[in-house]
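> This is what each chain is made of:
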Amino acid sequence: MTVSSASVSLKETPRRRVKRRLTISEVLCAIVIGIAAILAIAGPALAPHDPDAVDLANANVGTTLAGFHPLGFDAEGRDLLSRVLAGARTSMVGPLIVVLIAVSLGSLVAVAAAWVGGWLDMTAGAVLDVIFAFPGLLLAVLATAVFGPGLTAAAMALVIAYVPYVARVLRASALRERSRDYVAALEVQGQPALAICLRHILPNMFRVIVAEATILFGWAMLDLAAISFLGLGVQPPAADWGVMVSEGEVGVLQGYPGESLAAGIAIVLVVVAFNVAGERLATRASEGNR
Amino acid sequence: MLVLTLLASSIVIYAALYLAPGTPLSALTGGRPLPEETIRVLEQKYHLDDPVLVGYWHWLNGAMHGDFGTSFVQRVPVTDLIAPRALTTAELVFYAAVLVVVFGVAIGLLGALRPGIVDSGMLISTTVLAATPSFVAATVLISVFSVRLGWFPTLGAGDGLLDQIRHLTLPAIALATSSLALVARVTRASVLEEADREHVQTAQARGLPRRLIVRRHVLRNAAIPITTVTGVTIASLVAAVAVVEQAFNIDGLGAYLVEAASSKDFAVVQAISLLLVVAFVLTSTVVDILYAALDPRVKLGSHTS
Amino acid sequence: MNLLEVDDLHVDLRTGDTMAPVLRGVSLRVSAGEAVGLVGESGCGKSMTTRAVMNLLPRGATTTGRVRFEGSDILAAERAVVRASRQRIGIVFQDPRAHINPVRRIEDFITEQARSQGHVRRMADRRALELLEDVGIEDPRRCMTRYPHQLSGGMLQRVMIAAALMVEPVLILADEPTTALDVTTQSEVMAILDELRRERGVALLFISHDLDLAMAVCDRISVMYAGQIVETRAAALLHDDPLHPYTAGLASARPSVAHTAGRLAAIPGRPLSALEAPEGCAFAPRCAHEKPACSEPQLLVALDEGEARCVRATELRGLLGSKRG
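Protein chains in written order, with the numbering used here: chain A, -3 to 286; chain B, 38 to 342; chain C, 27 to 351.
Mixed in with the good hints there might be a few duds.
[Claimed, not checked] Simulated coverage check for chain B against chain C, where a stretch passes if three residues somewhere in it have a Cβ under 8 Å from a Cβ of chain C: (1) 229 to 236; (2) 252 to 262; (3) 305 to 311; (4) 321 to 335.
Keep in mind the hints are simulated off the structure, nothing from the lab.
Even glycine gets a Cβ: it sits at the ideal position worked out from N, Cα and C.
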């Protein structure tokens, strides 16, 4: 009995193992996203201490079990765990709003462009191409320069920057849906276009839209955190993960990286979970379309 | 198309002045009280009394000739403020881009050609790194390599070539991290996909040596998607550079843009935004040209959305 | 001497956690200069047989039995030996568009193998030009500078044939070489392949689902069903005097010019895969001549210069060929 090793060994590792590993990672993602969701809702309430209570006597003190300070204190003696928990809400509600608006607008543009086609498709394409020339972060900085620092201006700028990406991905899926036989059948029956789009095409694109939104959430979170880190988004002393990394920089130089690291790890964990989940959802959606 | 995009984005950048709450004048001055005379000079210089399009034309014309107006905070021509910083930023982005291309592709290849532990380890670590924002990477790098080990200076851009390389190493790594991970993943996926193609089977059936098959058929073909993604990622470094410069206290364009945005030094914001957009769009165009050069099936300009 | 000998070859492929059989004891020989056909419906294992001959089975496939090419055991040989053997076999795949690298020029594709063996580019180019002319390409020089997407399917298949002949192979493996082409191109390409290999005395292993086509170009034909060979016979005898009911079914499933008036007798049911095959005759469920004895394991029985895997072969002799009107 010989086992063939003929083909150049470039292929995937045996399928079984890949599958099992992905299942574990899927479960992990779901857990992280679940915890993140709970924290976004109840984070501030779960904080064991007042996240804004300054106590310079405790500045940069490490893990202290007496009084339950498992992550220790920041440079101003505020409880780090409480600040991470309290920061969860601002850090995640921002991206959530950005994603909801960007995906809604993007879906509308995509379906409209795919349905009407012709001039609308061309115009939308041209406008989106111009927006493509602006990286999201740059547009956000520009917006804060015009409207003053703050989450709202930055978030709206990100929405504008993301719509082209969403629209481009969803347009392909909308076109595929539009070319299906059932759509032609509905049109022949004299169903109004709007009803076909809203009741049939959009719902059938649901999986693709969810996948896209999940991936986008990770991006939005990174970009918003970066803006807050730059001092142009959420303003200190509010607890926000991006702001915390920035505030912790002084500590980093003095050898106390606790604050920056705690907030940084929180960001990375949530973004990894959303990225992996988004990729899986996208694969499933494209498999389902075949 | 390229010219149109650039023109449209320059309009957006200029028009932002008119979007700001208050008058364009107050946006330009950032609301600072100025003597009557200065205001008159300003109005004339920026053609604020003329229609928007005329003002835009003068601004664009100046920008094309390297004149971006005067900074209100520093009272110095914007060009003099920007030029030295642009050099630092260009060096940083170039350094990071080299890291992304060299290590991103190398790590991706390693994963694709060595299935098993190497591949799994690479997959997991790049998943995490791809989600690591540059400022978090900066924090980790500073606290490990500068503060703990003292191998690299913490802040600033340094003088002289060697010193600059030393100063820019950690910032370049921080800037490159997530892009590098992304490029590695795309490289791996493209190589594996290409290795499964029928034409690779033909090459095997013809008894070609393995390294020849890998180089001439697998890598050569995978180079097409890899180039596209790498180019787009490198272009995005231009935007992310602000964060890294801020984190490492490097006095470059990005950090200066943020500073100008906070102090409402609008002439500077416009100038830097325009420069970054031009850099971004030019990089993307170079990628398109490379793409067409690598894939004989593509005619230049025929694959745009 | 036999150029290629396949002896009792079993191949199992991994599907998920289980191993699924695809070949169940295939034996086959091709001697120098001979043209052998391997005919069967899709999924019968004929393509897997060619992949085994090239030692190109999918990863995780397990094999028993032997494949000998010019005396060396391909499945057990070292990589260098396998490569040397592959270089003496020219291969023509079904879909030239997928099987030729789209980003390299035709010149590169045709001469690559020769150059990898150390031939000078100029010599290789000259030979490539000759061969392109031989396969009926009108402007070989221009063709050499083109990319695959600039050529039609028929042209590409000619290029593939020319490439297969570049290194003076002793055997050509042609896996459904004309199936992806349109009907008129099919016969031209087939004629070119047949003529060139005869001129050069190259042996041919021809894989097809088309019995009549195989009979036209082959000396001997093996018919496969569910991972086994059910009949091997001289091509000239197969159509009018088949030994196995399945061969008879294949022969009458296709209209031939002489019999267009008669009814087309399709074989009822669908082909079984090797995985689904019962212990006895795999064709029995679809066979009009099934008897209780058919549920016993069937052996290849030698019969009149051929062999058939059918207990009733002797009994049915002469009845099968006359079935058609």
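> Hints first: check each against the structure and report whether it holds.
Right, here's what the structure says about each hint:
1. 229 to 236: holds (count 3)
2. 252 to 262: It holds: at least three residues are needed, and the stretch 252 to 262 of chain B offers 5 whose Cβ sits within less than 8 Å of chain C.
3. 305 to 311: violated (count 0)
4. 321 to 335: As far as the stretch 321 to 335 of chain B goes, the hint holds, because 4 residues have Cβ atoms under 8 Å from chain C.
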